[in-house]
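Could you put the whole structure together from the sequences, leaning on the hints where they help?
There are 2 protein chains.
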Amino acid sequence: RYFHFCKLPGRVLGIRLLRFTLVVIIVLLLVAGALTALLPSVKDDKMPNWRRETKPQGQSAPVSFTLIMQTYNRTDLLLKLLNHYQAIPHLHKVIVVWNNIGEKIPEEMWNSLGPHPVPVVFKVQTVNRMRNRLQNFPELETKAVLMMDDDTLVSAHDLAFAFSVWQQFPDHIVGFVPRKHISTPSGVYSYGSFELQSPGFGNGDQYSMVLIGAAFFHSGYLEEFRRQPEAVYALIDETQNCDDIAMNFLVARHTGKPSGVFVKPVDIRNLEKDTNSGYSGMWHRAEHLLQRSYCVNKLVNIYDGMPLKYSNIMISQFGFPNYANHKTKM
Amino acid sequence: RYFHFCKLPGRVLGIRLLRFTLVVIIVLLLVAGALTALLPSVKDDKMPNWRRETKPQGQSAPVSFTLIMQTYNRTDLLLKLLNHYQAIPHLHKVIVVWNNIGEKIPEEMWNSLGPHPVPVVFKVQTVNRMRNRLQNFPELETKAVLMMDDDTLVSAHDLAFAFSVWQQFPDHIVGFVPRKHISTPSGVYSYGSFELQSPGFGNGDQYSMVLIGAAFFHSGYLEEFRRQPEAVYALIDETQNCDDIAMNFLVARHTGKPSGVFVKPVDIRNLEKDTNSGYSGMWHRAEHLLQRSYCVNKLVNIYDGMPLKYSNIMISQFGFPNYANHKTKM
Numbered sequence: 001r002y003f004h005f006c007k008l009p010g011r012v013l014g015i016r017l018l019r020f021t022l023v024v025i026i027v028l029l030l031v032a033g034a035l036t037a038l039l040p041s042v043k044d045d046k047m048p049n050w051r052r053e054t055k056p057q058g059q060s061a062p063v064s065f066t067l068i069m070q071t072y073n074r075t076d077l078l079l080k081l082l083n084h085y086q087a088i089p090h091l092h093k094v095i096v097v098w099n100n101i102g103e104k105i106p107e108e109m110w111n112s113l114g115p116h117p118v119p120v121v122f123k124v125q126t127v128n129r130m131r132n133r134l135q136n137f138p139e140l141e142t143k144a145v146l147m148m149d150d151d152t153l154v155s156a157h158d159l160a161f162a163f164s165v166w167q168q169f170p171d172h173i174v175g176f177v178p179r180k181h182i183s184t185p186s187g188v189y190s191y192g193s194f195e196l197q198s199p200g201f202g203n204g205d206q207y208s209m210v211l212i213g214a215a216f217f218h219s220g221y222l223e224e225f226r227r228q229p230e231a232v233y234a235l236i237d238e239t240q241n242c243d244d245i246a247m248n249f250l251v252a253r254h255t256g257k258p259s260g261v262f263v264k265p266v267d268i269r270n271l272e273k274d275t276n277s278g279y280s281g282m283w284h285r286a287e288h289l290l291q292r293s294y295c296v297n298k299l300v301n302i303y304d305g306m307p308l309k310y311s312n313i314m315i316s317q318f319g320f321p322n323y324a325n326h327k328t329k330m
Numbered sequence: 001r002y003f004h005f006c007k008l009p010g011r012v013l014g015i016r017l018l019r020f021t022l023v024v025i026i027v028l029l030l031v032a033g034a035l036t037a038l039l040p041s042v043k044d045d046k047m048p049n050w051r052r053e054t055k056p057q058g059q060s061a062p063v064s065f066t067l068i069m070q071t072y073n074r075t076d077l078l079l080k081l082l083n084h085y086q087a088i089p090h091l092h093k094v095i096v097v098w099n100n101i102g103e104k105i106p107e108e109m110w111n112s113l114g115p116h117p118v119p120v121v122f123k124v125q126t127v128n129r130m131r132n133r134l135q136n137f138p139e140l141e142t143k144a145v146l147m148m149d150d151d152t153l154v155s156a157h158d159l160a161f162a163f164s165v166w167q168q169f170p171d172h173i174v175g176f177v178p179r180k181h182i183s184t185p186s187g188v189y190s191y192g193s194f195e196l197q198s199p200g201f202g203n204g205d206q207y208s209m210v211l212i213g214a215a216f217f218h219s220g221y222l223e224e225f226r227r228q229p230e231a232v233y234a235l236i237d238e239t240q241n242c243d244d245i246a247m248n249f250l251v252a253r254h255t256g257k258p259s260g261v262f263v264k265p266v267d268i269r270n271l272e273k274d275t276n277s278g279y280s281g282m283w284h285r286a287e288h289l290l291q292r293s294y295c296v297n298k299l300v301n302i303y304d305g306m307p308l309k310y311s312n313i314m315i316s317q318f319g320f321p322n323y324a325n326h327k328t329k330m
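Those protein sequence lines, which keep their order, are chains E and V. As numbered in full-length UniProt numbering, residues 1 to 330 make up the first sequence, in order. As numbered in full-length UniProt numbering, residues 1 to 330 make up the second sequence, in order.
What the hints contain is simulated information worked out from the structure, not anything from laboratory work. Just so it is clear, the structure is predicted and the values come from calculations on it, not from any experiment. Mixed in with the good hints there might be a few duds.
Claimed, not checked - Stretches of chain E that chain V covers, calculated by requiring three or more beta carbons in the stretch to come under 8 angstroms of a beta carbon on chain V:
id, segment
1, 203-211
2, 292-299
3, 315-326
By construction, the Cβ of each residue, glycine as well, lies at the ideal position given by its N, Cα and C atoms.
Right, dumping it as structure tokens:
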């Protein structure tokens with residue numbers, strides 16, 4: 001009996017020790033589980049890799065895109081273009097950004113001429129701003145956006161091909177109009193097209209931007225555009241220009257790669273001259289190009305660095321329009 | 001005292017239960033730990049994603065490639081081509097696969113005409129086999145391989161550009177000669193170039209192979225080629241043909257994507273007519289193309305499926321040779 005009593009304290013300690021160990025282990029497991037649940041969301045910063053999300057081949061729903069077209073003072077061109085773009089393959093919806101402040105949208109006329117292949121939404125704006133088109137519209141349901149200027153017509157063939165290319169490069173701006181910046185010994189940047197000197201990496205030329213006025217890009221970039229420094233919005237509003245340069249900066253910063261992929265268009269047309277409005281577009285302003293060089297330098301200042309990268313990749317469609325366009329005489 | 005005795009069984013059970021629970025928890029932790037350690041190696045099958053390995057920009061050593069050129073009965077062309085290829089930018093080494101069985105390699109003459117820009121290694125073969133060039137040579141130190149036929153000259157500009165493209169598509173065969181297969185209602189496949197009907201996905205043509213006789217690809221594919229079914233080697237040996245079709249099957253199976261990326265060459269030349277040997281290359285044999293269709297069907301049989309996928313991406317160099325070659329009249 002004394003023997004048992006002597007062991008009692010041992011067994012009591014034993015139980016307490018065991019219970020304590022058990023509690024410690026359970027607490028550790030809970031902490032580990034909590035950490036595991038937290039880790040992915042810390043890693044996945046606000047800049048997801050959209051390549052994983054976009055898998056075009058053989059997924060449940062066919063991939064489609066939303067056309068966003070901003071319009072100002074060229075309703076005749078808009079309607080002409082809507083008749084063309086409403087019939088592009090894989091188009092989900094059209095969002096018209098109506099910068100004609102105070103003017104009625106042509107919704108009645110549009111409806112009276114229905115039915116239409118896809119829904120068209122007119123977004124009435126309160127202020128005539130260039131960056132109105134860069135809103136994350138609630139009507140936007142697709143991952144892909146096609147942004148077009150309201151004076152540009154690109155053939156269905158070009159769009160279908162460029163859309164297939166975008167699906168292979170979903171985190172790039174895939175479009176038809178390449179531009180570049182160059183650095184000068186003074187450290188000041190200049191903006192232009194091929195007539196500017198090449199950046200000097202060897203043979204041929206390079207581009208560092210693809211303009212969004214005729215391009216596909218991921219809708220996530222519209223969300224990201226909302227999170228830029230105020231100074232960027234101020235710059236775009238001040239110049240009524242450069243929203244596309246700002247978007248290229250944003251994409252380059254996001255990917256660490258060249259922002260755009262240039263697809264050489266077969267049939268792209270500028271319909272400016274066809275308008276009855278007499279309005280011929282912002283790029284005819286005398287200061288337009290100087291403004292864009294100014295914007296490049298301001299953005300470098302705002303972002304404290306030059307994120308744009310060069311590319312010399314030019315993509316064309318194999319065997320189209322000439323079925324032997326890839327043939328080389330050896 | 002009886003009170004204590006009555007509680008003893010409870011405390012004993014308590015201890016046993018606690019100890020049992022503790023042991024179970026520890027065992028579960030060990031099993032979980034073991035599973036975690038095992039999982040990654042099960043996922044990483046023998047086909048690593050080489051995209052992660054190849055990061056050309058800003059890494060420690062500049063990226064370079066190894067030229068592998070197989071030669072048979074055209075030593076005059078070989079030497080002419082060696083003078084050209086030895087000076088290509090980013091070339092690390094040349095491996096000449098010497099299929100002239102029993103004939104002395106021109107090493108003495110080569111050395112007497114030194115120094116040379118890069119090392120050239122002559123690999124003497126014991127049997128004249130088409131697939132000799134697909135060995136994983138110990139002298140091969142680079143991740144990139146440039147494979148050239150011994151009668152093909154591609155300009156340095158084209159090679160420098162295609163090499164830069166390969167670095168952006170390291171798991172593809174990036175080259176200058178596209179080919180396709182088509183299916184027929186009977187289920188039998190046929191092999192050809194653009195003169196064959198298009199696979200019918202819309203406008204334009206498609207290619208499903210890029211020939212390795214003028215292309216860059218990852219050296220890891222040579223290692224993978226060693227691990228193919230015997231029937232593949234037998235097929236290549238039987239036809240002395242189709243090693244390139246087999247490589248395209250291999251790459252397509254590895255990536256699940258189109259095997260090749262076609263870069264349109266500006267200056268590619270076939271030097272067959274320039275040889276004094278009178279030997280004009282395997283592709284002149286009457287049965288050459290029929291053999292290749294035969295190979296496509298045999299390989300589908302061996303691999304129990306058709307892994308080749310179509311692409312219509314054609315890549316050219318922006319602003320080269322014509323600095324405005326991307327300009328479109330709008």
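_Coverage assertion for the segment 203-211 of chain E with respect to chain V, Cβ distance below 8 angstroms, three residues required_ = Since 5 is at least three, the answer is holds.
*asked:* Taking beta carbons only, do three or more residues of the segment 292-299 of chain E come closer than 8 angstroms to chain V?
replied: violated (count 0)
*Three residues minimum, CB to CB under 8 angstroms: does the segment 315-326 of chain E make the cut for coverage by chain V? Let me know.*
holds (count 11)
Violated hints amount to a single one, hint 2; each of the other numbered hints is respected by the structure.
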